[in-house]
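Undergrad: Build out the structure end to end from the sequences listed, making use of the hints.
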Amino acid sequence: MKSEITCGTLTVTANEADNAYLNREANDLPYAFVQRGRINVRHRAEGPYPLVIPCPGVRLLVNGEERTYPTPVCMKDAVRVETINERKEGEWSVTVSPDGLQAILRTCPAIAVYRELAELPPARKLQLAVVERKEKLPVLTWDELLQELSRLGVNYNVNWEACLSSVRSCTDEEVVIAQGVPAEPGKDGRLELLFSSKSKVPVQIEETETLDFRERYVFNSVEAGEILAVKHPPTLGNPGTNVKGDVIIPVSPRDFKLVAGQGAVLTGDGEQVIAARAGRPLASRRHNLVTVSVLPGLVHNGDVNLASGNILFKGDIHITGNVEEGMTVEAEGDVKVAGLVSDANVQATGSILIKGNIISSVVVAGGTAAFQKSILPEINVLSNGLQEMTMAIRQLLSHSAFKQGDLKHGIGPLVKLLLDEKFRHLPVVTKALKNRLEILPPELAGDNLGEFVRLLERVVVQTPLGIRDLTEIETLAQRAAEWKQTFTAYLPSSSESDIVASSILNSTIIATGSVRMIGSGCYNSRIQAGKEVTISGVFRGGEVQADGDVHLGIVGSKVGTPTKVVAGPKAVVTLDYAFENTSISVGGIIYRFDREEKDIRLWLDKEGNLKSKAVPV
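Using this note's numbering, the first residue of the sequence shown is number 1, and each one after it goes up by one.
Derived by calculation from the structure, the hints in this document are not laboratory data. Among these hints, one or two may not hold up.
To be verified - Simulated DEER-style distance windows between Cβ atoms: (1) Asp599 / Gln485: 39 to 45 angstroms; (2) Pro377 / Leu610: 15 to 21 angstroms; (3) Val259 / Pro239: 28 to 34 angstroms; (4) Asp28 / Ser165: 57 to 63 angstroms; (5) Gly560 / Gln478: 39 to 45 angstroms; (6) Val461 / Pro377: 32 to 38 angstroms; (7) Asp599 / Gln478: 44 to 50 angstroms.
For each residue, glycine too, the CB sits at the ideal point set by N, CA and C.
TA: Shown next as structure tokens:
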């Protein structure tokens with residue numbers, strides 16, 4: 001902001017004093033005072049003389065010379081004071097918003113500062129002072145604003161009243177003086193599915209009926225000739241206008257191509273898909289291509305055994321018998337087994353219903369996503385733990401009190417010490433990951449992951465004393481972080497696939513949705529669910545991991561069989577009865593039973609504190 005300075009001159013006659021001051025006692029001399037804008041001076045003939053001290057905003061002239069310091073004056077001196085007036089220039093600007101829809105005028109007014117000499121009483125040292133008066137002034141003219149608008153090309157929908165008000169304004173302002181019209185976007189093409197996107201639909205029951213969990217859902221299906229999907233084409237938007245009068249073209253709406261997959265046909269106009277056979281409808285999208293298909297269902301009458309061979313089918317599978325030892329059933333849909341599953345592998349992209357028991361088997365609902373979610377906890381723990389161990393080793397090696405002479409044959413002793421004291425969980429998690437690797441499908445495990453697990457086992461389990469330098473641990477930590485990123489970044493999206501069975505013994509159960517056991521219970525098994533876990537009977541030995549709520553009957557045993565439940569931070573864990581040596585973790589907060597209790601309920605409050613409600617036995 002620029003400033004202009006002007007001066008107002010005040011000539012003072014040193015020997016003219018107000019009558020009120022002429023009667024002062026002689027011993028009060030010398031003195032000077034300011035009255036009615038004049039400096040008056042009084043002193044004895046022989047002196048001494050009073051001092052006049054200048055201040056900012058004035059010029060003190062004594063006998064024609066400017067004095068910037070305290071100056072003695074006498075009654076014969078020609079004393080003159082000039083007050084200095086200032087003008088601080090304001091600022092203004094007109095800017096056009098990045099989208100061109102607004103022109104904005106910003107003003108900061110000019111300020112004029114007027115000064116007058118202040119009235120001052122008699123004093124031997126007269127310190128001058130001024131009285132200031134400030135006045136705000138308009139910062140621009142009408143012609144200046146018109147020239148700026150012309151320079152910027154602003155000519156559409158200008159608010160001339162706002163412009164005039166801003167030109168006259170004496171305050172800081174930011175005013176929109178021109179407003180464009182935005183373009184109206186069009187509507188993207190839309191697909192209307194005439195079937196449920198869920199693979200199963202809950203069965204509606206009356207209040208008087210008993211709910212049978214084995215028949216809780218019916219799988220979604222269609223008949224030949226049914227309309228499956230309708231395409232609604234995109235609609236164009238309307239153009240807008242910016243403040244320069246230019247046309248704003250709306251963004252073109254997105255479109256997609258509708259394709260009929262297997263078991264379906266496309267109408268001639270390309271806007272409808274019709275079912276060509278009975279089966280389960282399915283819609284998938286890849287980039288701008290939407291495919292609607294009807295997957296057929298496979299019914300296998302009898303047992304799955306050596307006579308039938310393994311069953312791998314791109315659709316739903318219904319098995320009327322058992323799945324016997326060593327056999328594999330894989331479906332890109334839902335699986336229903338009327339009998340039991342014994343020492344077998346059952347995997348489905350959709351949900352799994354097994355009416356019999358699961359014995360010494362691996363059952364996975366949710367496809368690849370279920371496997372990846374099941375292995376992620378171990379990968380996360382290993383990645384974080386190895387990073388922390390690397391930092392701990394680096395800090396110890398740099399500490400002056402640490403005797404590095406003991407490590408002349410390598411840092412193995414230090415690694416062993418840290419594994420025994422601070423990182424005792426790493427060998428345990430490594431063994432768990434190795435066991436988990438045995439059930440992973442080949443496309444997930446592969447040679448690289450297997451080689452990493454073997455290297456990890458050698459370093460943290462078998463021969464930690466053989467570690468030569470920190471580079472080995474750093475490399476291992478880096479590879480763990482890369483596997484963590486791989487499994488996290490490429491985690492496929494999937495529906496919530498459930499597993500319902502009677503009972504489980506010595507088995508692994510993994511589901512992206514809920515797991516429900518409706519028979520006698522679960523023994524020495526591991527269950528992992530993306531939603532809820534419900535076991536109406538006994539849960540004895542093994543582990544349950546669930547992101548949702550956990551509802552269990554009798555947990556643990558009198559002989560103290562280790563039994564563990566791990567639930568998410570928002571979950572509620574309810575148990576009918578718990579024995580000693582049972583461990584419950586909710587959001588990482590662990591509760592261990594040191595006595596038998598019943599009717600237990602565990603949850604985290606809003607502050608993250610573990611709350612429990614139980615009745616001692």
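Undergrad: For every hint, state whether the structure bears it out.
TA: Okay, the hints, checked on the actual structure:
1. Asp599 / Gln485: 39 to 45 angstroms: holds, 44 angstroms
2. Pro377 / Leu610: 15 to 21 angstroms: holds, 20 angstroms
3. Val259 / Pro239: 28 to 34 angstroms: holds, 33 angstroms
4. Asp28 / Ser165: 57 to 63 angstroms: holds, 59 angstroms
5. Gly560 / Gln478: 39 to 45 angstroms: holds, 41 angstroms
6. Val461 / Pro377: 32 to 38 angstroms: violated, 19 angstroms
7. Asp599 / Gln478: 44 to 50 angstroms: At roughly 49 angstroms between Cβ atoms, glutamine 478 and aspartate 599 fall inside 44 to 50 angstroms, so the hint holds.
In summary, the one numbered hint that this structure violates is 6.
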